[in-house]
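Q: What follows is the residue order along each chain.
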Amino acid sequence: GQQLNQSPQSMFIQEGEDVSMNCTSSSIFNTWLWYKQDPGEGPVLLIALYKAGELTSNGRLTAQFGITRKDSFLNISASIPSDVGIYFCAGQLTTSYDKVIFGPGTSLSVIP
Amino acid sequence: DGGITQSPKYLFRKEGQNVTLSCEQNLNHDAMYWYRQDPGQGLRLIYYSQIVNDFQKGDIAEGYSVSREKKESFPLTVTSAQKNPTAFYLCASSLDSRPLNYGYTFGSGTRLTVV
Numbered sequence: 001g002q003q004l005n006q007s008p009q010s011m012f013i014q015e016g017e018d019v020s021m022n023c024t025s026s027s028i029f030n031t032w033l034w035y036k037q038d039p040g041e042g043p044v045l046l047i048a049l050y051k052a053g054e055l056t057s058n059g060r061l062t063a064q065f066g067i068t069r070k071d072s073f074l075n076i077s078a079s080i081p082s083d084v085g086i087y088f089c090a091g092q093l094t095t096s097y098d099k100v101i102f103g104p105g106t107s108l109s110v111i112p
Numbered sequence: 113d114g115g116i117t118q119s120p121k122y123l124f125r126k127e128g129q130n131v132t133l134s135c136e137q138n139l140n141h142d143a144m145y146w147y148r149q150d151p152g153q154g155l156r157l158i159y160y161s162q163i164v165n166d167f168q169k170g171d172i173a174e175g176y177s178v179s180r181e182k183k184e185s186f187p188l189t190v191t192s193a194q195k196n197p198t199a200f201y202l203c204a205s206s207l208d209s210r211p212l213n214y215g216y217t218f219g220s221g222t223r224l225t226v227v
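Respectively, the protein sequence lines represent chains F and P.
In terms of this note's numbering, the first sequence is residues 1 to 112.
In terms of this note's numbering, the second sequence is residues 113 to 227.
Read the hints as simulated data drawn from the structure, not as lab findings.
Beta carbons are placed, not taken as given, at the ideal position from N, Cα and C, and that holds for glycine.
Worth double-checking, as some hints may not be accurate.
Unchecked claim - Which bits of chain P does chain F cover? Going by a derived footprint, with three or more residues having C-beta under 8 Å, they are:
hint, segment
1, 125-131
2, 144-156
What the hints assert, rightly or not - Listed below are several chain F residues computed to face chain P (Cβ distance under 8 Å; list not exhaustive):
hint, residue
3, V19
4, L33
5, L45
6, A48
7, A52
8, G105
Please construct the entire structure, taking both the sequences and the accompanying hints into account.
A: Quick look at the structure:
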């Protein structure tokens, strides 16, 4: 079945460093969402992308909808300790408007 | 403030017992969802409901049951038929049945442990 791959699986970075992570699939997606999950909590929406090539920012976060419509990227600039958590991508397939698939997540640890 | 409330936060169950997880929202959202989260895996859809008194199976519905008698409430029962129920369960809602147009709002989750 369709699935999303996220890389890296986990990251350990120094405070102040920039972070890049991506989400890929063999299927074409209509929409991409990026969520962050703090330990023991539910995910919170960070950024939504609706068009191929779209680049959207939310503070220190920037995400892009890949032009092939099979991938998306999330960048975090100047990381801080509260950036710690799991980052999930989610996508909506072109074949099913109500079918949403979540990636396995990228775990981010920030070393002060 | 509007939001989704899941209770309890932690739940322990003996093997062979059914248990019900609560999910209540005051966002006036039409659609509600239950996801299961296991370490290293993405969220997997258990059941979803687009309107009151109607619900559909997700990808891993076996061993689970739901009801949607009120717009605000979407309880999930983990039955004894679920072979590996220990997991983190997340409830979510969206304004309508097109969740990516408006985004999901998630609850804070219930961690179920079978002892």
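Q: State for each hint whether it applies.
A: Evaluation of the provided hints:
no.: 1; hint: 125-131; result: violated (count 0)
no.: 2; hint: 144-156; result: holds (count 6)
no.: 3; hint: V19; result: violated, 19 Å
no.: 4; hint: L33; result: holds, 6 Å
no.: 5; hint: L45; result: holds, 5 Å
no.: 6; hint: A48; result: holds, 6 Å
no.: 7; hint: A52; result: violated, 15 Å
no.: 8; hint: G105; result: holds, 7 Å
Hints 1, 3 and 7 from the earlier list are contradicted by this structure; the remaining hints agree with it.
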